[in-house]
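Position chain B against the provided structure of chain A, taking the given hints into account.
Each chain is listed here by its residues.
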Amino acid sequence: MAYSITSACIGCNACKLVCPQKAIVSSATGYAIAEHRCNECVGHHADPQCASICPIETAIVDQDHRALNPPGSLTGLPNERQVIAMTKLAAKVSGGKGGAHATNG
Amino acid sequence: MVQSNGGCASASPAAASSCEQSGKSAADLGLNLDDPSLSSDVVSKVTSHPCYSPEGHKYARIHLPVAPACNIQCNYCNRKFDCSNESRPGVVSKLLSPAKGVQRFVKVKERIPETNVVGIAGPGDPLANPAATLATLKAAAKQDSDVHLCVSTNGLALLELVPSLVKVGVSHLTITINCIDAAIGAKIYPWIYFNHKRLRGREASQVLIDRQLAGLKAAVAAGMLVKVNTVLIPGINDHHIEALAQELKLHGALLHNIMPLISDPAHGTYFGLTGQRQPTEDEVAEARAAAGSNMAQMSHCQQCRADAVGHLGQDIDLDADESVKPVQQEVAESYLVAVATKSDVLIDQHFGHAQSFALYQIYEDSIAPMGRRDVSQYCVDNECDETESRMASMLQALEGVSSVLCARIGMTPWQALEQAGVMPSTDYALFDIQQALSALQQQWLEQGKFSQQSRCKEAV
Numbered sequence: 004m005a006y007s008i009t010s011a012c013i014g015c016n017a018c019k020l021v022c023p024q025k026a027i028v029s030s031a032t033g034y035a036i037a038e039h040r041c042n043e044c045v046g047h048h049a050d051p052q053c054a055s056i057c058p059i060e061t062a063i064v065d066q067d068h069r070a071l072n073p074p075g076s077l078t079g080l081p082n083e084r085q086v087i088a089m090t091k092l093a094a095k096v097s098g099g100k101g102g103a104h105a106t107n108g
Numbered sequence: 086m087v088q089s090n091g092g093c094a095s096a097s098p099a100a101a102s103s104c105e106q107s108g109k110s111a112a113d114l115g116l117n118l119d120d121p122s123l124s125s126d127v128v129s130k131v132t133s134h135p136c137y138s139p140e141g142h143k144y145a146r147i148h149l150p151v152a153p154a155c156n157i158q159c160n161y162c163n164r165k166f167d168c169s170n171e172s173r174p175g176v177v178s179k180l181l182s183p184a185k186g187v188q189r190f191v192k193v194k195e196r197i198p199e200t201n202v203v204g205i206a207g208p209g210d211p212l213a214n215p216a217a218t219l220a221t222l223k224a225a226a227k228q229d230s231d232v233h234l235c236v237s238t239n240g241l242a243l244l245e246l247v248p249s250l251v252k253v254g255v256s257h258l259t260i261t262i263n264c265i266d267a268a269i270g271a272k273i274y275p276w277i278y279f280n281h282k283r284l285r286g287r288e289a290s291q292v293l294i295d296r297q298l299a300g301l302k303a304a305v306a307a308g309m310l311v312k313v314n315t316v317l318i319p320g321i322n323d324h325h326i327e328a329l330a331q332e333l334k335l336h337g338a339l340l341h342n343i344m345p346l347i348s349d350p351a352h353g354t355y356f357g358l359t360g361q362r363q364p365t366e367d368e369v370a371e372a373r374a375a376a377g378s379n380m381a382q383m384s385h386c387q388q389c390r391a392d393a394v395g396h397l398g399q400d401i402d403l404d405a406d407e408s409v410k411p412v413q414q415e416v417a418e419s420y421l422v423a424v425a426t427k428s429d430v431l432i433d434q435h436f437g438h439a440q441s442f443a444l445y446q447i448y449e450d451s452i453a454p455m456g457r458r459d460v461s462q463y464c465v466d467n468e469c470d471e472t473e474s475r476m477a478s479m480l481q482a483l484e485g486v487s488s489v490l491c492a493r494i495g496m497t498p499w500q501a502l503e504q505a506g507v508m509p510s511t512d513y514a515l516f517d518i519q520q521a522l523s524a525l526q527q528q529w530l531e532q533g534k535f536s537q538q539s540r541c542k543e544a545v
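Chains A and B, in that order, are what the protein sequence lines are. Heads up, the first sequence is in my numbering, so the first residue is 4 and it goes up one at a time. Heads up, the second sequence is in my numbering, so the first residue is 86 and it goes up one at a time.
Incorrect hints may appear among the rest.
[What the hints assert, rightly or not] Computed beta-carbon distance windows for the label pairs: (1) B:Leu335 with A:Gln66: 45 to 53 Å; (2) B:Ala477 with A:Asn42: 36 to 44 Å; (3) B:Gly337 with A:Thr32: 43 to 51 Å; (4) B:Glu368 with A:Gly79: 22 to 30 Å; (5) A:Asn42 with B:Glu288: 35 to 43 Å; (6) B:Asp120 with A:Gly79: 41 to 49 Å; (7) A:Thr32 with B:Lys192: 25 to 33 Å; (8) B:Glu368 with A:Gln66: 45 to 53 Å; (9) A:Pro74 with B:Ser478: 53 to 61 Å.
If you're looking for bench data, these hints aren't it; they were derived computationally from the structure. All values reported here derive from a predicted model rather than from experimental measurement. Glycine residues also receive a C-beta, built at the ideal position from the N, C-alpha and C atoms.
Bound-form chain A, shown alone:
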């Protein structure tokens, strides 16, 4: 039972400062979670601390590589999947309009 840090990490050091297990290590090459130390904050806090302060979506993942902060969850910015859906929708709407114009013409 341990989380890990992905390459999305920007190295802001916030998680290291709040980890109750001192499980987060950093080096010139980046940040990582020492597996034997991480207990996912069970017994410390209701929420895992690293994932509660991390500002970057998808930077912290669980054992199954599921992001604790999925895309769109922190910045409120439309994520890739939403953008694709919205683009499709827009294409559909404008396509519909185009069709209408064509029949009108």
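For chain B alone, kept in the frame of chain A given last:
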């Protein structure tokens, strides 16, 4: 790309004075230094700080980027962004450790002796990194007892840190307060980290606002000069500036700095990407006028980066400067490395707790264990501060060692080691010793730290 809004931002004396004459309204809204309610101490503190008054322009400031972590997210900030072409608050090119930060200050002070302000402004929130922030300020004050210490914060963690800030001698404090209404705050702050939880929405901004105002009050009561920065965001907080200024006055803020939102989409901020527009110059002037009846306004802000150096508006490029300097590096056939370890497997010991160090000789092509060397423990009974004599014997014991690897190390011994030519490192904290040494060997190989001699021998 330094934004200059209005002519008052200029750092040159001529421009500043001509601006005062022409921009009458802006000058009228500023702090009246003849006000009898201001003590001479306050006036001198204000006029000797380039960010607090245009009169301070003859002094220079240095922002030390030692505080990367942040405890809130603002919609005008993108934490991923760093670009050397970019200049705005919250952005730096290279982070510094507290020790390196102080080194930079000393170096800059040599070059620009009128550098009298050491500020910490990020790139995250200084008070979300209290240890690094306080250690840096403390060490800077030790180098130069006349320096003004300055911190710029979002205020979330301020209240309980006011005593520590006073203790290290912080005289100037800036809090960014954009609103006092949680409904408005919810449009500016998507989340905050508070009390071990990520809070969102109105709840988050209510906590933030309450904490900002309580922190402001406490800081003023503790005798700090408090400036409040407000980012003017058209359609979000522009109608709210007067009410905000009233509240700020009530809590004792000295100066109010209304800054225009920067929302270039290229910066990748929420506001930038969602088409939130920047205010016009007229809108900024209007907001300052609205706030001006309650709060003395500041209009010469340059919205500088968290690693800005030099006179306002004349930042020097330290990176370029540092890279031009010829790197004089010593090369040797091999290096002796001391490792603080309890387990003999991982680098798992605090420098100050080590009673002995495991030694390794690193050659270009091999790593040889050299046994252990006893030292007298540096930290005894948590009294790590009064240890100069112990440091001397420690340095003696570490003779010949070029690098110390440990899990953690205090600021004071770090500096003493560096001065003695021993490079401390916590980069490999909790790493396997062998792995760490190999990584170090690889790094040194790439840096060309091993002398030609051994390479020649190998070739023969």
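Going down the list of hints, with the structure as the test:
1. B:Leu335 with A:Gln66: 45 to 53 Å: Once the Cβ atoms are compared, 51 Å apart, the range 45 to 53 Å for Gln66 (chain A) and Leu335 (chain B) holds.
2. B:Ala477 with A:Asn42: 36 to 44 Å: Between Ala477 (chain B) and Asn42 (chain A), where Cβ atoms are some 42 Å apart, the hint holds.
3. B:Gly337 with A:Thr32: 43 to 51 Å: holds, 47 Å
4. B:Glu368 with A:Gly79: 22 to 30 Å: About 25 Å separates the Cβ atoms of Glu368 (chain B) and Gly79 (chain A), which means 22 to 30 Å holds.
5. A:Asn42 with B:Glu288: 35 to 43 Å: violated, 28 Å
6. B:Asp120 with A:Gly79: 41 to 49 Å: holds, 43 Å
7. A:Thr32 with B:Lys192: 25 to 33 Å: Given a distance of about 27 Å, which is inside 25 to 33 Å, the answer is holds.
8. B:Glu368 with A:Gln66: 45 to 53 Å: holds, 51 Å
9. A:Pro74 with B:Ser478: 53 to 61 Å: At 55 Å between Cβs, range holds.
Consistency note: the structure conflicts with earlier hint 5 alone.
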